[in-house]
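Novice: So the chains spell out like this:
2 protein chains.
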Amino acid sequence: MASFPSARSLPSQRRRAFAIDLLKNALRAVDPKEAVLRWIRLVGDQLHVADRVYDLSRYRRIFVVGCGKATAPMVQAMEEILDGRISAGVVNVKYGFGAPTRIVEINEAGHPIPDERSVAGAQKMAALMEAAGEDDLVICLISGGGSALMVLPPSGITLADKRKITDALLRSGANINEMNTVRKHLSRIKGGGLARLAYPAQVISLMLSDVVGSPLDIIASGPTVPDSSTFADAYAILERYALLGKAPAPVISHLRAGLAGSMPETPKEGDPIFEHTQNVIVGSNEIAARCVADQAKAAGMNTLLLSTYVEGEAREVAQVFAGIAKEIVHSGNPIPRPACVVAGGETTVVVRGFGTGGRNQELALAAAIRIEGLDDTMIIGCATDGNDGPTDAAGAIATGDTVRRAHERGLDPRKYLADNDSYHFFKELDDLIITGPTNTNVVDLTLVLVF
Amino acid sequence: MASFPSARSLPSQRRRAFAIDLLKNALRAVDPKEAVLRWIRLVGDQLHVADRVYDLSRYRRIFVVGCGKATAPMVQAMEEILDGRISAGVVNVKYGFGAPTRIVEINEAGHPIPDERSVAGAQKMAALMEAAGEDDLVICLISGGGSALMVLPPSGITLADKRKITDALLRSGANINEMNTVRKHLSRIKGGGLARLAYPAQVISLMLSDVVGSPLDIIASGPTVPDSSTFADAYAILERYALLGKAPAPVISHLRAGLAGSMPETPKEGDPIFEHTQNVIVGSNEIAARCVADQAKAAGMNTLLLSTYVEGEAREVAQVFAGIAKEIVHSGNPIPRPACVVAGGETTVVVRGFGTGGRNQELALAAAIRIEGLDDTMIIGCATDGNDGPTDAAGAIATGDTVRRAHERGLDPRKYLADNDSYHFFKELDDLIITGPTNTNVVDLTLVLVF
Chain A
1 MASFPSARSL PSQRRRAFAI DLLKNALRAV DPKEAVLRWI RLVGDQLHVA DRVYDLSRYR
61 RIFVVGCGKA TAPMVQAMEE ILDGRISAGV VNVKYGFGAP TRIVEINEAG HPIPDERSVA
121 GAQKMAALME AAGEDDLVIC LISGGGSALM VLPPSGITLA DKRKITDALL RSGANINEMN
181 TVRKHLSRIK GGGLARLAYP AQVISLMLSD VVGSPLDIIA SGPTVPDSST FADAYAILER
241 YALLGKAPAP VISHLRAGLA GSMPETPKEG DPIFEHTQNV IVGSNEIAAR CVADQAKAAG
301 MNTLLLSTYV EGEAREVAQV FAGIAKEIVH SGNPIPRPAC VVAGGETTVV VRGFGTGGRN
361 QELALAAAIR IEGLDDTMII GCATDGNDGP TDAAGAIATG DTVRRAHERG LDPRKYLADN
421 DSYHFFKELD DLIITGPTNT NVVDLTLVLV F
Chain B
452 MASFPSARSL PSQRRRAFAI DLLKNALRAV DPKEAVLRWI RLVGDQLHVA DRVYDLSRYR
512 RIFVVGCGKA TAPMVQAMEE ILDGRISAGV VNVKYGFGAP TRIVEINEAG HPIPDERSVA
572 GAQKMAALME AAGEDDLVIC LISGGGSALM VLPPSGITLA DKRKITDALL RSGANINEMN
632 TVRKHLSRIK GGGLARLAYP AQVISLMLSD VVGSPLDIIA SGPTVPDSST FADAYAILER
692 YALLGKAPAP VISHLRAGLA GSMPETPKEG DPIFEHTQNV IVGSNEIAAR CVADQAKAAG
752 MNTLLLSTYV EGEAREVAQV FAGIAKEIVH SGNPIPRPAC VVAGGETTVV VRGFGTGGRN
812 QELALAAAIR IEGLDDTMII GCATDGNDGP TDAAGAIATG DTVRRAHERG LDPRKYLADN
872 DSYHFFKELD DLIITGPTNT NVVDLTLVLV F
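These protein sequences, in sequence, are chains A and B.
Following this note's numbering, the numbering of the first sequence begins with 1 at its first residue and continues without gaps.
Following this note's numbering, the numbering of the second sequence begins with 452 at its first residue and continues without gaps.
Think of the hints as simulated: they come from the structure by calculation, not from any bench.
Quick reminder that beta carbons are idealized off the backbone N, C-alpha and C, glycines included.
A few of these clues could be false.
When the alpha-carbon atoms are kept at most 25 Å apart in a straight line, the in silico SDA-like pairs for lysine to any residue are as follows [claimed, not checked]:
id	chain 1	residue 1	chain 2	residue 2
1	A	K415	B	V800
2	B	K475	A	N333
3	A	K415	B	P677
4	B	K719	B	G664
5	B	K475	A	S331
6	B	K866	A	E178
7	A	K24	A	G98
8	A	K33	A	N387
9	A	K33	A	Y54
10	B	K866	A	E346
11	B	K719	A	G373
12	A	K415	B	R803
13	B	K878	B	F805
14	A	K415	B	Y692
15	B	K748	A	G332
16	B	K615	B	I564
17	A	K415	B	A687
18	B	K575	B	P677
One-sided excerpt, in silico: chain A residues whose CB lies under 7 Å from chain B [stated by the list, open to error]:
id	residue
19	L304
20	L306
21	V310
22	E311
23	E316
24	Q319
25	G323
26	I324
27	K326
28	N333
29	P334
Next up, chain A with everything else stripped away, as it sits in the complex (with noise of 0.2 Å):
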């Protein structure tokens, strides 16, 4: 990217253009290939991840296993890395989201519903992880969507078993947690399982977070993360909800089996199983978001990255975000301009109108309103996969040109908000952000630009 001396004196359309940049280096930058192929690397036998090497001499085999919607490119990277030397693999990803590998078998499967073709295909890994010794180095290669992808209930329990103690779980208003805790205790594979099952041979394991704050042992149900909850705390957790007597009889005997220590706790932190892991997150919402910040810096602006964990209603979020530009402008704080806050995370919207848009769409939207008049000031929002709400659109540019231009089109922005219609609000504007598909998904990116 060229070099942006005089951010304030750079005439609009090169500033959105600028903007556009910003944010296609970012997704670049935590595509499913290219995130791996920046975090590993092969220098003769030695395979440099992240912080650490790996001297390939000492290795027989490389297996490669993993799930996500973003997995099959995530392989291809690895194949393009190691060149042959992967000895077997196999990975779930979703139907249509398959692509050509050489080596690692790509089993296609239900999403978000998990079925058959997701059982069968943990069931290779696992065969695979059990095979692997000592002397074998197991790849792990998780992505967004990786907890349906990837089901292996302990014997006795079917498919049918968990969906119905899930279903279960949702409509009595178990929160993300309790429903992670129950389902990591019905998995052989989940909260540490795949890292069991490869012990002892060394794992890597490689993982684009589609979750805001990337907590390991949430993306993908941590299968080689440690689990710091227990079958004391799922059976608990049918109890709180009235479900022991509603539960699928397997179900609960297998969780009573755990309780009486005659089924394996998920392994913990400290059991030297995790001495074999390695937990690399080589995508996240940080990276692309830091990614934004650097280069908005390299090219001469003063940055700030506010925060990875922004949620709460779009429109409400747009405020917060309007009134930080107002104060770049009317008195250098957070940072003087030319200024770029970078922020992540995923709003929320709930629709009351009719429209068509998204959460970043309509929050470009609400900040439009708020920004009105400022001048040399711009908020975007985007959905890294490109894909936000039900519309072809990423998200949308909104200046402090916007609400004026809109009116000059006889186009009123309060009420389209009030419609929830910022796709076709920013649509007659040509101001949505158009990515396609970006195969990646780290949740979204706010910027707030002032010239």
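Starting from the known structure of chain A, arrange chain B on it as the hints suggest.
Specialist: Below, chain B alone, put in the same frame as chain A:
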């Protein structure tokens, strides 16, 4: 205040006391009397007013005028500073907001609905202004509520006429800018009118801002500030809301006279009147926010003045602040701990429940839910007037421990939030901030502290 070298080792009770001290000192900085004393200093005959100096020996008389809920203590400060040099003065304050003075008359009047005493006081002020000449100095003291408290309709228009048109505009859905445009063109004082009445006397206008962003022309409708709106704008607004037929006849004929040029326009930017006018914001949200940040910095914390323009639904805005706290804890962005992020503005609450609370307490409650378990973290919402919603609390303190402590007492934070009952939630936990009435109002402060 004691220095703060090892922020992270402060025990929890000391941290709370520290945070409360930050707020107390910030409130002191915007106390109406303190604020005037901080900005104005008399040294011999030299009156220092912000960055300007007036030689009082050049002036024959000093008059004091003004209006607003907090104006009586501002008068006290000026009487202290000028120590007998004031010739005469009158200010309008809300009923019950008077204070003992020596020279300047405190005229209590109706607020928020203006009454005849508002008009009577304003007429006295106008008489003083008209008597003031080039060798006189006029000190104008403005605080929140000033718009309703200083009403001086042009001849032919009654207070009742003004009230009728204001009510009609409100019912028609006119926004605050439209309301102000009309009001400024139906007043001899608003929209720079007071500066014009005083001309050619020198005017020093000291303002305590209760408006987000402190726009000079909005505070008390800008009696000493250039007005950018016109009679044509005002007329067009009545037309837009189809009020030309319904407005009182004297209102319409006054606006038409203005349109025809037979009535002077409000004074504009560049008018020589304003060469004789110094406008100084002596107290504002920004001043209070900066005071918090300066103290925290002096105490060894990293500080960020995020924005003094924060608006939006309190519980949603809270999620952004919680997101910032999480980022500080997890990555040291936007600033590393010990960290103090300060924001100001005014959030809103759409009440759906039947509880008791205020926007600041509700922000704190929603934040508490989001920062559950986050060690060393505190999020505080505080109304600077000491009066958050219809409660006797100014705000509340949320910590990473709030939810745990609530559960211990059998309180469900989500239920209290759903019922808009933040007051009783924090009262039970003894986490309310109670200041009593502070006699000032620079809207709200939000603090994010990570020790």
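Novice: Against each hint, give a clear statement of whether it holds in the structure.
Specialist: Verification of the hints:
no., hint, result
1, K415/A - V800/B, "holds, 21 Å"
2, K475/B - N333/A, "holds, 23 Å"
3, K415/A - P677/B, "violated, 32 Å"
4, K719/B - G664/B, "holds, 21 Å"
5, K475/B - S331/A, "holds, 24 Å"
6, K866/B - E178/A, "holds, 19 Å"
7, K24/A - G98/A, "holds, 23 Å"
8, K33/A - N387/A, "holds, 19 Å"
9, K33/A - Y54/A, "holds, 21 Å"
10, K866/B - E346/A, "holds, 24 Å"
11, K719/B - G373/A, "holds, 20 Å"
12, K415/A - R803/B, "holds, 23 Å"
13, K878/B - F805/B, "holds, 16 Å"
14, K415/A - Y692/B, "holds, 17 Å"
15, K748/B - G332/A, "holds, 18 Å"
16, K615/B - I564/B, "holds, 12 Å"
17, K415/A - A687/B, "holds, 22 Å"
18, K575/B - P677/B, "holds, 23 Å"
19, L304, "holds, 5 Å"
20, L306, "holds, 5 Å"
21, V310, "holds, 4 Å"
22, E311, "holds, 5 Å"
23, E316, "holds, 3 Å"
24, Q319, "holds, 4 Å"
25, G323, "holds, 4 Å"
26, I324, "holds, 5 Å"
27, K326, "holds, 4 Å"
28, N333, "holds, 4 Å"
29, P334, "holds, 5 Å"
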